[in-house]
Amino acid sequence: MTRAANIRETEPVNMESPELGVVRALVPAQDGCLAEIERIGAGGGVVELARLDATGNARAMVRLGDMLGTLEQEIAARLLSGVSDAPDLVRAEGAGLVGLALSDPSALKTLRDGREGLFGPSAGSGPWWALVEHCAGADLLHLLHLSDGVRRLDCGPLRLDARRRITAIAFFDGALFVAVADPLAGFDLFRLDLAAPTGEWVTVLCRGAHRFALNAAVFAMRQTPAGLLIGTAALAGGVAPVGNWGPELLLVLPGGTWDLVMGQPRFTPDGLKLPASARLAGMDRAGNAAIKVIAQGLVEGCPATVVAVQDFDGANKADRAEVLADAMDYRGPVRFYLSHDPAEWRELPHALPDGLGEVTALCLTGRGLVIGHEALGASGLPVSFLPLP
Amino acid sequence: MRQPLFIICPGRTFSSVVCSAIGQHPEAYGLPEVNLFVRDTVGELMASGRVGAITGLKRTIAELNFGAQTVETVEAATAWIEERGAMSGAQMLRLLGELSGGRMIVDKTPTNSQEKALLRIAEAFPEARFLHLTRHPRATLRSQYKAIQSRRGKIPRKMLIEATGRWLERHRWLVEFGAALGPGQYLCLHGEWFFEDPRRILEQVCDWAELSRAPGAVERMMHPEESPYARPGPENAPYGNNPGFMENPHLRIGAPSAETLDGPLEWLDGLDVYFDAETRQLAHQLGYAG
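Line by line, the protein sequences give chains A and B. Residues in the first sequence are numbered consecutively from 1, following this note's numbering. Residues in the second sequence are numbered consecutively from 390, following this note's numbering.
Calculated from the structure, these hints are not laboratory results. No residue lacks a Cβ here, since even glycine has one placed at the ideal position from N, Cα and C. Treat the hints with caution; some may be incorrect.
Computed, partial: chain A to chain B, Cβ under 8 Å [as the list claims (entries may be wrong)]:
(1) 184
(2) 212
(3) 239
(4) 242
(5) 244
(6) 266
(7) 267
(8) 271
(9) 274
(10) 278
(11) 280
(12) 286
Let the hints inform the model, and build the full structure from the sequences given.
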């Protein structure tokens, strides 16, 4: 049984003309999780932090605008998505958040110039953070060390331009991993050793790991016990697609080799790749869908991974070179799959509505799966809950 | 009988050399173009009157059943086939498998990629493997154009333009066909990769098709010129394979020339024809970004 979580013990944030609430991040905290929620209204946007219990009910909520300046509040909110690894940034007391302590907020100002950014998750990254600036010509990438400050990285080898955008970043195996979308040739994945961050970018995967445009982009990367799990999307475009345009799961292993977890069997320069799960792309469903969220946690005390596979639900771009904009429109029916082993995945039945909106974050708690998504309206908490097992 | 392997692709997509290479594995047997699935029965095929369509089958029977390809054995093979005219193409293919000593039959006949023929194959061999070979659309169509021109001389303008859609039409159908097959039954091979590093690809083919990687097996596959069908047959059955391959059947290792999806199709001089959006998308899907 799935249900929409309700706000308890706190009232909804009072905003003028609120229109859309989106969960930007869910991270485990105590026996539940922290949610970063962006609320976008006619008068602008605000960011809230909500402490949720293990079943997704809000126990406490704080509006960051009350505590920090405009610039810092959003940056802080995103930094807080790594609260479990950076306890100095936030201190939870009981059911509420009582303080924020950025050691040097002024340093963070250099990261941002009013443009949308993308922070790397902190899990496993230690003191490292990364930020992408989506600029008109080509994305910029910054690396932040909490004690050493901020540095803009030379991204020349990533061949970024208006068509090749950074769509996901992750820290794994002592390195920064950056996924670059390419709607024509397929995504590339690069690695930068954090022990020598001025060193060379190394290409880990290329040409959509040799599925070409059918793996145009990577939107989700998550460190798991087996390796760095990568979820893809084809971004089908406006021309009627043929064949299987479902997304894949790839696993990058420490050392840089890779396996196909779920997807299309194929010959590659890296050897024959057959899906470890015996499931074809799209978890055996051929439509245009994307894996944009992956969660890692414990289910009944065992490490578990959950992926969300969500269908495309928009109007495709006619020009394939512009299909990255379609990434916003994977908000159709969603399926969840749980795994304790990359070779075994089972679908989690649910009764969530098809019009749930884009699923943006997942978090495994001791009771089940907290699902962050988008929702219209001021009063709603854009969170649902799926009990497990 | 081991399940056969069908190489499916439009014409001019390296299928002769790939088939001959795989067929050199000691546990496999690569056929010439036997056209067994374009008609309901072998008798209908023999009666079709198309010399090129039945030559490959005659050569195969001569080789497998009579031990050599000579004028005399081809005559004997023709009579042998005619006695079995009521057989379906699938029954004949199974018989070829038995005659080969139970090896995995590799069939690259171009007509197998036609919709009707492929459905016949899938029905008769539901567990078969299908290797979908691809080649850049510009290189494929240019090569097809040259082949047609060499046969017909001047080609009517309308036919020229229609021919530009063949790459899309055939690959689209093959991709759709492959998507309906079970896991591991269908794999797509970027033909250009094969020439860049054939050994590496052939090793993967062994793994996929459950062929041994015993010492010497892959080395044999590197010599498609050793195939009994890598040269013209006797004067009463000279064809049965791509003429260009039979002229020069050795592996030519190295990356083929770079091609582009942009710009007019240069062999259609003056017609100002470009690849359309559908062709470009399918090309991107099959690994041709440039």
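Now for the hints, and whether the structure bears them out:
no. : hint : verdict
1   : 184  : holds, 4 Å
2   : 212  : holds, 4 Å
3   : 239  : holds, 4 Å
4   : 242  : holds, 5 Å
5   : 244  : holds, 5 Å
6   : 266  : holds, 6 Å
7   : 267  : holds, 5 Å
8   : 271  : holds, 6 Å
9   : 274  : holds, 6 Å
10  : 278  : holds, 6 Å
11  : 280  : holds, 6 Å
12  : 286  : holds, 6 Å
Violated hints: none; the structure is consistent with every hint.
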